[in-house]
Amino acid sequence: MKKEDTVKLISAEGFEFVIDKNAAMVSQTIRNMLTSPGSFSETQHGVVRFPEISTPILEKICQYFYWSLQFASGKETEFYIEPELTLELMMAANYLHT
Amino acid sequence: MMKEEEEEEEERESGLVRLCIEAASESKESIEIWRRQRRTLEKMPTPLAEALLRRLLRRRLLSPSLLEVFQQCIEEINLQGENFVDSEWMAYLGAFRYLRTLNIADCKGINNSALWAISGMDCLKDLDLSRCTKVTDAGVMHLISIPNLEKLSVSETSLTVEGVKHLSSLRKLLLLDLGGLPVTDMALCTLQVLKKLEHLDLWGSKISNSGATFLKTFVELRFLNLAWTKVTKVPYLPSLSCLNMSNCSIMSIFEDGYCGVKHPHLARLQLHGVSFTDVHEALSFLDPSRLSFLDLSNSSLCDFQFLLNMTALEHLDVSFSRMEDDSVDLIGRVGANLKFLNLSNTRLRSAGMESLAGFIPIIETLILSHTAVDDFALPYIGMMPSLKVLDLSNTNVKGFCHMLGNDQEEILSLIALQNLTHLERLDLKETQVRDGALQPLSCLEDLKFLSLKSDFLTDVSLLFLSSFPKLKYLGIRGAVLTSAGIQSFNPPPMLKILDLRDCWLLTEDALLSFCENHPQIEMRHEQFDTGSTAQIASGNASSAHGTSRTVQLKPKWAKMSSPPSRFQKEIFVDERRKYSREELLELQFSPLSQVSAR
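Protein chains in written order, with full-length UniProt numbering: chain A, 1 to 98; chain B, 1 to 598.
Same shape as in the complex, but just chain B:
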């Protein structure tokens, strides 16, 4: 589970409930006391039991035998990525009487015999085995005995065509994820008996155009993923609302079986990295006014005339395409509903932004990184008052510009952003913004994330960066900050992460004393490399399974300024059992251990 979700969960639980869960998962000793209260455990409401279980798992206090006490009250369990989950765990999970959802994706300890324990479980409806690489066709024999299975993910396991064919006996399946498996046209033919399928994932399979025609028999199909396949023609699938054809060569979508009525339901189309024979022809069989999500990133498109009637678009990604200033005008014409627009790595310049100003009234996310836009685009961006996320990294923005016809007078161009009162994330990495130019930003009161990276920035910038009331992440990477500067820096009140990587002038002593003075702030710098920093800083938590296991050095409940003393004691008692080897190595370099070693 990701950090943010954990925080949300804690907010949802009311005060005393959370204190109880914390007390119950305090140590092995406290568990030994309550685990004998069997009758109480049996009548415990499911949401409470599940919250306690999640907490125990996070604290590394869950063991197979402890699972037994929960067997009457758990309906859903997520063990994704926990490599210690093995046959013994599964034996206990198999005895859970009401288990409906089981996620053991990325559990490297799961093999075919481990699955035997859950065979025949008639309560189980949702099973995720993605990337359990030891599961082979023999494991499928256990799976097909689970009579009420509705959702099954076996992507990137070691199943072969034969194993996939056997899945056809799971007649109640609504969702089947076969991503990354060698599914052939013949295997798909066998699966045609799964009449209820609504969601089918076939990315990276061996399906060809002739196999794709079998898809017509799935009359309920709403989601289809054919990315990385040889399919070039998708037949008319009337109920489809989501299609992913990324990295395919597309000739046509919905031409085969087309009966004169444009496809009425398709709302999401993911076409990352596709090549078209003729894009206008390929897209002519779907109703453009229904499409709300369109991803055309990494496609080599340069003609965007097909955008003209896509008036319902909310999400448009044309990054790494050959979009130029002239075609940006087309986006403006269909921009009324647009909330997300990614134009990074295109040939966009400031002139193109002019044709967007005023035409994308409810835009929330605008990504312009790696384009040639400069300070003259900022006034146009200032006319998009609903913006929450703005990425201007790696652009030509300098933070000031000259008045026309007057080379002497400089204007602070970031002033234009002061209108963006809802702005939460601003990325100005790798721009030429200098110290003084940052001053106008200080009135952005909703800002939570500010990322800067430039060797033009010095201690002077820190003066402007103290006042953001909601700022949680501040990155000032590669700046010429001095130890004296950082010691006198008064961080914003809500700051949680201060990223000072590549600030090479800072000494370890200066950083340590800053950490001591501000224990609530997580410091990122080469001096204490925790390994997980890169993943979090990129904001891409979804792909980083490791983030959930980063060591928590701060007290969980920020309001509780003095953490319970028993808790601290316990950390030192049971160090080896609580943390994995990687985490211990991380701890070695953490500020806490360095402080105590001194």
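Chain A extracted, bound-state conformation:
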């Protein structure tokens, strides 16, 4: 995989998730960061930091990105969310517009 096709998402604790750019684009917020012309440093380096999002939540978010792409292409499986994650995940999803 080429470097320019991936993005690096960094959680509050500093964990790095390297995922497909296409998957990350499921989030409207990340899409805006990566595609808006000009000043965002995220656009140039393909690195986005989320100081408000903890590692397990960011991991779940990344899983959702891939699940969402699969779902859109017709593979209709269930996306399971552990009850203990629902609230934080909801807030993160709201922030990421995903």
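Calculated directly from the structure, the hints in this document are not laboratory data. Since we're looking at a predicted model, the values are computed, not measured. Careful, some of the hints might be misleading.
What follows is a set of in silico ranges between Cβ atoms, one per label pair, in the way DEER data are often shown [unchecked claim]: (1) 72/A / 138/B: 41 to 51 Å; (2) 72/A / 219/B: 54 to 64 Å; (3) 63/A / 46/B: 23 to 33 Å; (4) 42/B / 18/A: 30 to 40 Å; (5) 446/B / 49/A: 40 to 50 Å; (6) 337/B / 72/A: 37 to 47 Å.
So these bits of chain A aren't anywhere near chain B, every CB distance computed over 12 Å [unchecked claim]: (7) 4; (8) 20; (9) 34; (10) 35; (11) 45; (12) 47; (13) 48; (14) 51; (15) 55.
Ideal Cβ placement from N, Cα and C applies to all residues, glycine included.
Starting from the known structure of chain A, fit chain B onto it as the hints suggest.
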């Protein structure tokens, strides 16, 4: 909350947010896990918390003690019609720190002591207690301690004149709904101190003409409802833009205090069922070119000359009046902005439609039911290309007509409707339309609602009814449909409701097998009577509080073809707690339970 609003809400929430809300409101067990995360709940954005709360309420999973975890993040809560809401609920709601809007209308469990819990809440601005019949004057004492209240609805509660008078201490009120209360002229006099009032509802009160003169002191008043009162003369109220005088006998509007300038702001006038001493005199003090909404239904009017200068009209309802073909011409002359026109139950005939064709260019809704219009009106209707809603039920429309001077040749008259490319609703109930006549309709691609009811229709009609790409509701009531016909029927792809009531030839087996083959379609037939069908079919969801509680048997998210298995299990685990007694009785006759019983 109504079904359509729920759907809109789900569309607004983005994918993962909705999945989270669904997961959080999956079962009592899942709630027990997240409810301990207090700090997360406290910092949750209000719109998210409110969406979660609404979902929990809809799933019957909300309890008073669960309310406690939301007390930092909720600004608005709607509990309308939830009879289990009582003092205990109110005790928790009283602790909500930022609660701005509270709707507990139609909550039969609310009494005076329940209101004590919200006394003194200084964040509360909007409170709806309509039809809480146990609330009396003693409850008003709690209400007047809410210092910043701006909107208060106490219509059809058990308040007396004394209670109403006490409301005068709520000086910040902008909206006051006193509908159905015995408000007297003296009580209205006491309320004159409410200088900020913009909206005042006094329908069904004991106000008379002498009380109506006090209205002049409400200088900000924009909306006034005096329906079902003895008021015959409304004084000149300069800021008024909305007036409802339905079911009154009207002598004059704005004559008292008239200073030579016609009333410049009145835009909406609701005069359902009124009787006039002299309609032209009564309406002569307002500027006719400002009026955009006029409801004259059920009035015994036959002379409509006053319409002449009402050039801004967008909504006109003259149903059940004595409107005749000659006066329809007057509507045509002011029809440039007309979007809604109701002519049902008038003496209109096809000739009258001729004078409308071309004169109501942006009309969207046209209701002609229970008139004598026939197929000769259809070409004129075809000249109204912006039509979205067309009601031709109970008319003489047959679907075909003879060429002039040639009795042999029949023309399919519904062809004229093919020009109506924006048409979404078409009602042809109780007409003489036969099978073949429906054929031209199949090219109406935007059609979402089609209602037919006639014993002239047979299986042949079903052939023409498969192809509508957006159709959601299809009613073929009282038709001679056979079991074989319905089994071979290929329903339109988006269909949600198929109404086959009064199709007496259909057997239960045929209907059940159709339901099994098309689980996304809700079937309406006497074989499975769900009780709520009549309300939904009439399209009048606003008056039907019951619709929000009809049992959801379909998966909420249509795209998710296989609902989560845990969800199904949960339905069987907790049946009694989730559904009320009525709903359980409904379930008994639903297709799902019949399938599983077999």
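To see whether the hints hold, each was checked on the structure:
no.: 1; hint: 72/A / 138/B: 41 to 51 Å; result: 59 Å, violated
no.: 2; hint: 72/A / 219/B: 54 to 64 Å; result: 58 Å, holds
no.: 3; hint: 63/A / 46/B: 23 to 33 Å; result: 28 Å, holds
no.: 4; hint: 42/B / 18/A: 30 to 40 Å; result: 34 Å, holds
no.: 5; hint: 446/B / 49/A: 40 to 50 Å; result: 47 Å, holds
no.: 6; hint: 337/B / 72/A: 37 to 47 Å; result: 44 Å, holds
no.: 7; hint: 4; result: 26 Å, holds
no.: 8; hint: 20; result: 17 Å, holds
no.: 9; hint: 34; result: 18 Å, holds
no.: 10; hint: 35; result: 18 Å, holds
no.: 11; hint: 45; result: 25 Å, holds
no.: 12; hint: 47; result: 22 Å, holds
no.: 13; hint: 48; result: 17 Å, holds
no.: 14; hint: 51; result: 15 Å, holds
no.: 15; hint: 55; result: 16 Å, holds
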